[in-house]
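Asks: For this one, chain A is given, so just place chain B on it according to the hints.
Number of protein chains: 2
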Amino acid sequence: MRVLAKDIAQACRDRPGETLEVYGWVHRIRELGGVTFIILRDRSGMLQLLLSEAEKVDISGLTLESVIQVRGVPTLNEKAPGGVELRVHTLEYSARSAPDLPYQVNADIGKIGLEAVLDHRALSLRNPKIRAIFKVQSTIIEAFSRYLRGQDFTEIKTSKLVGGGTEGGAELFEVAYFDKKMYLAQSPQIYKQIMVASGLERVFEVAPAYRAEKHDTPRHLNEYVSLDVEMAFIASEKDLIALEKGLLSHIFSEVARKNAEELALWKAQVPDAQAVERAPIIPYEEALSIANGVSASGKKPGPRIFDINPEAERLLCEWALQEKGTDLVFVNEFPRRYRPFYTYPLDATRTMSFDALFRGLEITTGGRRQHDYKALLEVLPKFGLKEETIAGYRAFQYGCPPHGGFAVGCERLTQKILGLSNIKEASLFPRDRKRIAP
Amino acid sequence: MRVLAKDIAQACRDRPGETLEVYGWVHRIRELGGVTFIILRDRSGMLQLLLSEAEKVDISGLTLESVIQVRGVPTLNEKAPGGVELRVHTLEYSARSAPDLPYQVNADIGKIGLEAVLDHRALSLRNPKIRAIFKVQSTIIEAFSRYLRGQDFTEIKTSKLVGGGTEGGAELFEVAYFDKKMYLAQSPQIYKQIMVASGLERVFEVAPAYRAEKHDTPRHLNEYVSLDVEMAFIASEKDLIALEKGLLSHIFSEVARKNAEELALWKAQVPDAQAVERAPIIPYEEALSIANGVSASGKKPGPRIFDINPEAERLLCEWALQEKGTDLVFVNEFPRRYRPFYTYPLDATRTMSFDALFRGLEITTGGRRQHDYKALLEVLPKFGLKEETIAGYRAFQYGCPPHGGFAVGCERLTQKILGLSNIKEASLFPRDRKRIAP
Numbered sequence: 001m002r003v004l005a006k007d008i009a010q011a012c013r014d015r016p017g018e019t020l021e022v023y024g025w026v027h028r029i030r031e032l033g034g035v036t037f038i039i040l041r042d043r044s045g046m047l048q049l050l051l052s053e054a055e056k057v058d059i060s061g062l063t064l065e066s067v068i069q070v071r072g073v074p075t076l077n078e079k080a081p082g083g084v085e086l087r088v089h090t091l092e093y094s095a096r097s098a099p100d101l102p103y104q105v106n107a108d109i110g111k112i113g114l115e116a117v118l119d120h121r122a123l124s125l126r127n128p129k130i131r132a133i134f135k136v137q138s139t140i141i142e143a144f145s146r147y148l149r150g151q152d153f154t155e156i157k158t159s160k161l162v163g164g165g166t167e168g169g170a171e172l173f174e175v176a177y178f179d180k181k182m183y184l185a186q187s188p189q190i191y192k193q194i195m196v197a198s199g200l201e202r203v204f205e206v207a208p209a210y211r212a213e214k215h216d217t218p219r220h221l222n223e224y225v226s227l228d229v230e231m232a233f234i235a236s237e238k239d240l241i242a243l244e245k246g247l248l249s250h251i252f253s254e255v256a257r258k259n260a261e262e263l264a265l266w267k268a269q270v271p272d273a274q275a276v277e278r279a280p281i282i283p284y285e286e287a288l289s290i291a292n293g294v295s296a297s298g299k300k301p302g303p304r305i306f307d308i309n310p311e312a313e314r315l316l317c318e319w320a321l322q323e324k325g326t327d328l329v330f331v332n333e334f335p336r337r338y339r340p341f342y343t344y345p346l347d348a349t350r351t352m353s354f355d356a357l358f359r360g361l362e363i364t365t366g367g368r369r370q371h372d373y374k375a376l377l378e379v380l381p382k383f384g385l386k387e388e389t390i391a392g393y394r395a396f397q398y399g400c401p402p403h404g405g406f407a408v409g410c411e412r413l414t415q416k417i418l419g420l421s422n423i424k425e426a427s428l429f430p431r432d433r434k435r436i437a438p
Numbered sequence: 001m002r003v004l005a006k007d008i009a010q011a012c013r014d015r016p017g018e019t020l021e022v023y024g025w026v027h028r029i030r031e032l033g034g035v036t037f038i039i040l041r042d043r044s045g046m047l048q049l050l051l052s053e054a055e056k057v058d059i060s061g062l063t064l065e066s067v068i069q070v071r072g073v074p075t076l077n078e079k080a081p082g083g084v085e086l087r088v089h090t091l092e093y094s095a096r097s098a099p100d101l102p103y104q105v106n107a108d109i110g111k112i113g114l115e116a117v118l119d120h121r122a123l124s125l126r127n128p129k130i131r132a133i134f135k136v137q138s139t140i141i142e143a144f145s146r147y148l149r150g151q152d153f154t155e156i157k158t159s160k161l162v163g164g165g166t167e168g169g170a171e172l173f174e175v176a177y178f179d180k181k182m183y184l185a186q187s188p189q190i191y192k193q194i195m196v197a198s199g200l201e202r203v204f205e206v207a208p209a210y211r212a213e214k215h216d217t218p219r220h221l222n223e224y225v226s227l228d229v230e231m232a233f234i235a236s237e238k239d240l241i242a243l244e245k246g247l248l249s250h251i252f253s254e255v256a257r258k259n260a261e262e263l264a265l266w267k268a269q270v271p272d273a274q275a276v277e278r279a280p281i282i283p284y285e286e287a288l289s290i291a292n293g294v295s296a297s298g299k300k301p302g303p304r305i306f307d308i309n310p311e312a313e314r315l316l317c318e319w320a321l322q323e324k325g326t327d328l329v330f331v332n333e334f335p336r337r338y339r340p341f342y343t344y345p346l347d348a349t350r351t352m353s354f355d356a357l358f359r360g361l362e363i364t365t366g367g368r369r370q371h372d373y374k375a376l377l378e379v380l381p382k383f384g385l386k387e388e389t390i391a392g393y394r395a396f397q398y399g400c401p402p403h404g405g406f407a408v409g410c411e412r413l414t415q416k417i418l419g420l421s422n423i424k425e426a427s428l429f430p431r432d433r434k435r436i437a438p
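Chains A and B, in that order, are what the protein sequence lines are.
As numbered in this note's numbering, residues 1 to 438 make up the first sequence, in order.
As numbered in this note's numbering, residues 1 to 438 make up the second sequence, in order.
Read the hints as simulated data drawn from the structure, not as lab findings.
All figures in this text were calculated on a predicted structure; none of them were measured in a lab.
Glycine is no exception: its CB is placed at the ideal position from the N, C-alpha and C atoms.
Please note that the accuracy of each hint is not assured.
With the C-beta cut set under 7 Å, the calculated list includes, among others, these residues of chain A facing chain B [unchecked claim]:
1. Arg43
2. Met46
3. Leu50
4. Glu65
5. Leu101
6. Tyr103
7. Arg121
8. Leu125
9. Thr154
10. Phe178
11. Met182
12. Gly392
13. Ala395
Next comes chain A alone, as it looks inside the complex (with noise of 0.2 Å):
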């Protein structure tokens, strides 16, 4: 019977002698006067092996990384990592590894650099400080569902293959579909909303969404995970961000509690719930005088600021840590021109739409949505747009309730809870104009 590495110590403390199995990648092999001594890696941890020579196993041409399963007796040892080792009786290879491994996995992951780690991720993964990154994630998506669900919110599938962008068709992924050209789903937006018209009236989905965008940085990818809310009944976009504070706040104490290892190897912290809650929600004109006057205060002045773009997000971010002790920014009331066509209206030029920020990235884009059909027709010659493009929001005209909602950017939210440099770390196998495999 297996025993994970990291129940070894509780096994010999309660049946002292007893042989036990354990199973594992050899990790790192050390030899010391006639004793050899394996790290060996399980999926819950690391344990020491000791082989003496008086045991006569035999391991010639054992290699890193190659997968072995022991039997032994463990004893407590002080000095063994994790206080315990296991003196190995036998030893059997599942997989001999070739000895020419790309790089060496219990290395500093620092130094082996972005692109090898992508290259070969049954490899960087092996890293636990890599693996962190989508223990961490995993956690993200967990705790996203179930705190909607304890709100009364559906799980939805919708299709990703879709006739036109809902936002009018450009940065589209081609897709032939039988003799028709289909396109990869931007977002489930449009969906979505049918489904809180169909009466579920709360709704959520985690899945693909595609954006074709050439650009290459350290924020982008060309296919992510969206997870994304509707919710019926709101009357502006601050209901949803009461909304998303309550679901950020579970989601940072959900990682904190199960995940306080994995960000240990990252020195990260999530913020606590009080901090969420002191997040301010700053009109879109009086953010972007709160950008201009801390890019003017700064040590470098930086050019004039006119929109909300990376570098105003990162000095708001900057601001709110500062004059609000709170990592979480959210900017509401964005102009009509920076908003799609189905953006509900503050006045003549405002909406009820936000962005939160999240030490000094957006997350999330939200907003309430026009529900009434007359009065999205009636923008639409605004945006370029023709009615048989929104076809989808004829739905609407069989009463649709108030309405609105926000996408989460899961791999943005993994980037900043953990710290990582590019966006492409917590991908496990990232889409970008070049990269196509693995």
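Replies: Same frame as chain A, but now just chain B:
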């Protein structure tokens, strides 16, 4: 403060005489001697509203499926649905529904027809029986994820844009990816295997999968939600079958617990844990004999069956229900020629593979995989494949443990739990050769 329909009776008992607010859709209107009865529908259920002439609430032009917000006082009334009704003082329109509904939501949904149901999802889901399908599906996804997390599996999200199919490249949708050709992934097969090799050992993914198959049948979708599982350190497919039994048991018990109302609407039942445990595991050749035996002994003997085709799946399930009292059958040891190149051999002709059949339909394909890279290379010529086409598997050279996995088709499981005649009913926005909208 809004109160949901399902909570009105309790609110009436707790705080009699208090004015409450309810929001929802106008499901039915009935006039009876100066009094108008409206059945209001919200995400939680139905509530009877009572509008007397004395109150002077203007309901001129009130249309079915309009969204309204009303205030009034609830009174217990044994004759009203749910034992309570709300005497309306004020009524506001959130959205007036156009009077030309494509069909009536409160009608027998069976008469509407599949095409109309799919064309108008915002309407069809308002019918409680149709909505039930997706409440059950939401529970399936939640239960799948939660069970596997409980077994120490990590949730992963992998790219759906791949360079080619792992099974050889047929039946793929092509994507114009900048200046390159890519394809929509048929399954996360190689990625979940790489994640096992990465030391995560146990992974699962919930994501769309694509098959460019031209057939249009009640059991096929061109885009579906694949519930994928992969785990390390298994000896054979029997370990996977044991896992799937536990997983399905959990899913069924969660659906029974959370969706009793939804199951009742479809007159459906889920198997209990004992029935799942009783599911037989039948080697391929024996399964073929059984299917032919059932076929021959029927009232109208069919032609001889030469492989486990849809008819054989149906017959095997018929047999299992009669002989073993279970809706679930596992067929294992499929011949080499029917399985992909990466399937682990049992002997010269058979493989460590299996299918799960549930109520006449294959819902799962899985098996142990070849984890030795050299052995993989050796079988390639038999499948007409070259080393370049399986480049991703090179990762296996660096220590890949014995492993295997399976995938459950989410829509198929939903279909068979509820007894839906067509799988498209279990997809919110299904895609087939002709259906590309909404």
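Asks: State for each hint whether it applies.
Replies: Results for each hint:
no.: 1; hint: Arg43; result: 4 Å, holds
no.: 2; hint: Met46; result: 11 Å, violated
no.: 3; hint: Leu50; result: 21 Å, violated
no.: 4; hint: Glu65; result: 4 Å, holds
no.: 5; hint: Leu101; result: 6 Å, holds
no.: 6; hint: Tyr103; result: 10 Å, violated
no.: 7; hint: Arg121; result: 6 Å, holds
no.: 8; hint: Leu125; result: 4 Å, holds
no.: 9; hint: Thr154; result: 5 Å, holds
no.: 10; hint: Phe178; result: 5 Å, holds
no.: 11; hint: Met182; result: 6 Å, holds
no.: 12; hint: Gly392; result: 5 Å, holds
no.: 13; hint: Ala395; result: 4 Å, holds
Hints 2, 3 and 6, counting from the list given before, are not met by this structure.
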